[in-house]
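Same order as they appear, the protein sequences are chains F and Y.
The opening position of the first sequence corresponds to residue 816 in the numbering used here, with each subsequent residue numbered one higher.
The opening position of the second sequence corresponds to residue 816 in the numbering used here, with each subsequent residue numbered one higher.
Check before you lean on any hint, since a few could be wrong.
If chains are identical, the list can't say which one is meant, so a pair holds when it fits in one copy or spans any two.
Stated by the list, open to error - Keeping only pairs whose Cα atoms sit at most 25 Å apart, straight-line, the calculated SDA-like set for lysine to any residue is:
1. LYS977 / GLN833
2. LYS892 / VAL1004
3. LYS964 / GLN919
4. LYS817 / ASN980
By construction, these hints were calculated from the structure, which means they are not laboratory data.
Number of protein chains: 2
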Amino acid sequence: MKIIRSLQALTTWRNRWQREGVTIGCVPTMGALHDGHRTLIRAARVQCDALVVSILVNPTQFGPTEDLAKYPRPIAKDRALCREEGVDVCFEPTATSMYPGGFQTVVSVPALARRWEGHVRPHHFAGVATVVTKLFSLIRPHRAWFGQKDFQQAALVQRLVKDLNLGVDIIVRTTVREADGLAMSSRNVYLSAEDRATATILYAGLQAGAAAIRQGTRDGKAIQERMTAVILSHPSASVDYLAVCDPVSLEPLVRVAGRIVLLGAIRLGRVRLIDNLIVQAR
Amino acid sequence: MKIIRSLQALTTWRNRWQREGVTIGCVPTMGALHDGHRTLIRAARVQCDALVVSILVNPTQFGPTEDLAKYPRPIAKDRALCREEGVDVCFEPTATSMYPGGFQTVVSVPALARRWEGHVRPHHFAGVATVVTKLFSLIRPHRAWFGQKDFQQAALVQRLVKDLNLGVDIIVRTTVREADGLAMSSRNVYLSAEDRATATILYAGLQAGAAAIRQGTRDGKAIQERMTAVILSHPSASVDYLAVCDPVSLEPLVRVAGRIVLLGAIRLGRVRLIDNLIVQAR
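Next up, chain F with everything else stripped away, as it sits in the complex (with noise of 0.2 Å):
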């Protein structure tokens, strides 16, 4: 496997490899790869010719008063992960080669950035959509693969692409979850073990919702109301949204008729936890 830091080198590996007519994959991350990217790599690793792994964490899209500083960084284990996979090319750009001085453009994303985590995260989506702009322009996958879990990034990632013709076929796959039903994250190590234990409510949540539907609820409020309930039923818990919306969209749906998405964000403490579920209305 290469490791590749410099943006030059980057752009002339992939020249070499478009030249041989290959199929390029990427799985963009910031690093502290757990099995949820891991099955992303395996699954890019069979439907690709060379593989590129991008580990940034990407300044642009942290708050001011969000874990830039303390977002975890094990690169050693992120790359022998890498390895095991048989991924072809860790890219690992520093920040300051991304965003050098002088460095202003923002691509947006507005209707879709300015809910939910957008709404909470002011600025995380332009960050989101100009870093994945200038990975896209640097590697120029064929194919790039993304988590489900963040749900809303991978919606906003499908409409960048298209919008902007970047010519990435974007494949979304299935959160990974803990056997208990907590949604894989870098930032699950923030938990204490008391809220780690009180963190698997929200995917309980969210089924609730699902389950609600599956027995015929069809009014969006009340199947938000039924989310709530459950996640309220534990006093350390806080609600940052839980919301019936349309999968492409995002918007919230007043009533609920095909395939549909459950987003919800909750707190625990200082940490806040994100996750979502596909469900079909029949």
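Chain F is already provided as a structure; the job is to place chain Y on it using the hints.
This is chain Y only, laid out in the frame that chain F set:
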């Protein structure tokens, strides 16, 4: 010469040539091609293997009260010029295929878009940055040519390409002028005979600024006043802006040193004219 209207067909064309390892060149235009465009196309023709001229009157860079509807669209004449100059592909995407329903992504280069043209035309440069990103994603040129006449646009595209790692070499060619000095522009056709005669004062004003610098004036404000006096000596002209700027940041200069750019925009009746001059202060 191939005329390509569909985005998919353009991508197929590009993929084929890309695999051959040839150099792809691109001259993005809004059509209504004049000798300024011809000069760009000729320069491009000898510096790339496969040359695409794109023709799109891009709606997103026009303001609501601007001349989108009446902008000249002499497509047969434009194609003939491209054919004469040995262009390989005339890429004529429709506005609808570029901006289908649901389109929402915006690329912006905020600091460079704030002043001068951006001040008078608030959404213009976001429209330019977005369409250029899209065209470069579709065509994936190695090099692209822009005219110096739209100096702020060229500066912004250079910044954009660097910031988003688009990997396109941007070449800016000197403004082509009519015999009397008026910068060639597709919008010159809007000028009445009388205003056409007066229109030379913009270039004359810029030249007066350059002369002042050559004669030793270093004070930005004094140079600006010199240029303004020339324009306002003609009663039918009004000044939008006349400025002495850094040629990269486009910020106005209090004191002139080294390479600078004189930027100007005036109005004659309902027609706006822009022009600029690069000056090396010794």
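Intra- versus inter-copy proximity for GLN919 and LYS964 (alpha-carbon distance at most 25 Å): between (30 Å within a copy, 23 Å between copies)
Intra/inter-copy verdict for LYS892 and VAL1004 if alpha-carbon distance must be at most 25 Å: Cα proximity of LYS892 and VAL1004: one copy only (15 Å, versus 65 Å across).
Alpha-carbon proximity context of LYS817 and ASN980, limit 25 Å: Intra 29 Å, inter 21 Å, cutoff 25 Å: inter-copy only.
Within, between, both or neither: LYS977, GLN833 at alpha-carbon 25 Å: Both ways: LYS977 and GLN833 sit 21 Å apart in one copy and 21 Å across, limit 25 Å.
In the structure shown, no violation is registered for any of the earlier numbered hints.
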